[in-house]
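Work out the full structure: start from the sequences and follow the hints.
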Amino acid sequence: MGILEARVKGVTYFGFPCEESLRLLELLRENKDCRNLAAFDIVQQFMDTSTWLPGFLGGCLIGGGSLLALIVSRKVPGVSGVFGRLLLPTCIDRTWRLLFLAGLVGGAGLLFFLSDAAATYRIPAGRSLFVFAIAGLIVGFGTRLGGGCTSGHGVCGMGMGAKDSIIATMVFMAAGFLTVFLFNLLTAAA
Amino acid sequence: MRNNLFIILAGALFGAGLALSGMTDPTRVVGFLDLSGSWDPTLAFVMGGALLVFGGGYRLLRKKFNLPSDSGDGLTKRMVMGAALFGIGWGLGGFCPGPAIANLGALRTEALIFVPAMAVGMIFVQRLFRADS
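Respectively, the protein sequence lines represent chains F and B.
Position 99 of the first sequence, counted from 1, bears residue number 99 in our numbering, the numbering being contiguous throughout.
Position 26 of the second sequence, counted from 1, bears residue number 1026 in our numbering, the numbering being contiguous throughout.
Treat the hints as calculated values from the structure; they're not laboratory data.
Mixed in with the good hints there might be a few duds.
As the list claims (entries may be wrong) - Okay, the calculated beta carbon distance ranges per label pair: (1) 1061(B) / 189(F): 49 to 57 Å; (2) 1048(B) / 88(F): 27 to 35 Å; (3) 114(F) / 1004(B): 20 to 28 Å; (4) 1120(B) / 161(F): 30 to 38 Å; (5) 26(F) / 1044(B): 26 to 34 Å; (6) 174(F) / 1066(B): 30 to 38 Å; (7) 1062(B) / 190(F): 50 to 58 Å; (8) 1004(B) / 190(F): 45 to 53 Å; (9) 187(F) / 1127(B): 29 to 37 Å; (10) 1048(B) / 91(F): 29 to 37 Å.
No residue lacks a Cβ here, since even glycine has one placed at the ideal position from N, Cα and C.
The structure is reproduced here in structure tokens:
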């Protein structure tokens, strides 16, 4: 069971799908001649428990892993900080950082192996390997300059009630929304 | 030794959570950041679950384990600029550091390119600003 989103003459409706609405959705998808159904611009599956429940449970695991790492390492375990400080020649606590990252790769790998859904991996439209190289550079630069990423600011910092992390999260979210908007605009024009 | 096992477990929980929630799929992340068309709300539920467990657990266990408080540098121009840059890179690739590293194990080409590039960016900042924070 999910929630259906339907746009009828420019107005968006949300609702739980009933048998009839699902049948209509199928008709719309199959019907090549939609002129008699012109009132419907777009009908799409909006939200499905098959995505938000694993999302929520996965989030709980991320929070639990971060909490355990905080208790054991006594450092805020944001991934960019854990990884970035590993690259410092003066790093004196390499062991736990390496073990945390090894666990991260292993835990994700185990889920990839166990579940086809978890192993889903789709390259976003229009992204070449060059885009990923540039994105990596900017993410590395930005996270160390800003002192955190989605986990360090978004989960740990905000979870500890740090005001600067709340601002940082709002800033990187806004920048992310804007970037995707502009990327779509530019790739559509090209 | 016991602590080492716990830290591996912590990383494994984190990585399993990333994969279970679909955050290792960059298209799902870009789907959250793309407000036009079919918006994918999954990332919000992931953040919600993570904040619930981490924030709740932190408050409950803070005294018992004498946990550190947030060691953030406070609100600085540098921090805001860094966060904005991070957001741009995040929107470009759909990768933030955790999911990119998690995808290394599966030998995804994009992650194998993204992570070394990220390391270069990090080393650059750490040299430039002598950032040990």
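Quick rundown of the hints versus the structure:
no. : hint                         : verdict
1   : 1061(B) / 189(F): 49 to 57 Å : holds (52 Å)
2   : 1048(B) / 88(F): 27 to 35 Å  : holds (33 Å)
3   : 114(F) / 1004(B): 20 to 28 Å : holds (25 Å)
4   : 1120(B) / 161(F): 30 to 38 Å : holds (33 Å)
5   : 26(F) / 1044(B): 26 to 34 Å  : holds (29 Å)
6   : 174(F) / 1066(B): 30 to 38 Å : holds (36 Å)
7   : 1062(B) / 190(F): 50 to 58 Å : holds (51 Å)
8   : 1004(B) / 190(F): 45 to 53 Å : holds (50 Å)
9   : 187(F) / 1127(B): 29 to 37 Å : holds (34 Å)
10  : 1048(B) / 91(F): 29 to 37 Å  : holds (33 Å)
Hint compliance for this structure: no hint is broken.
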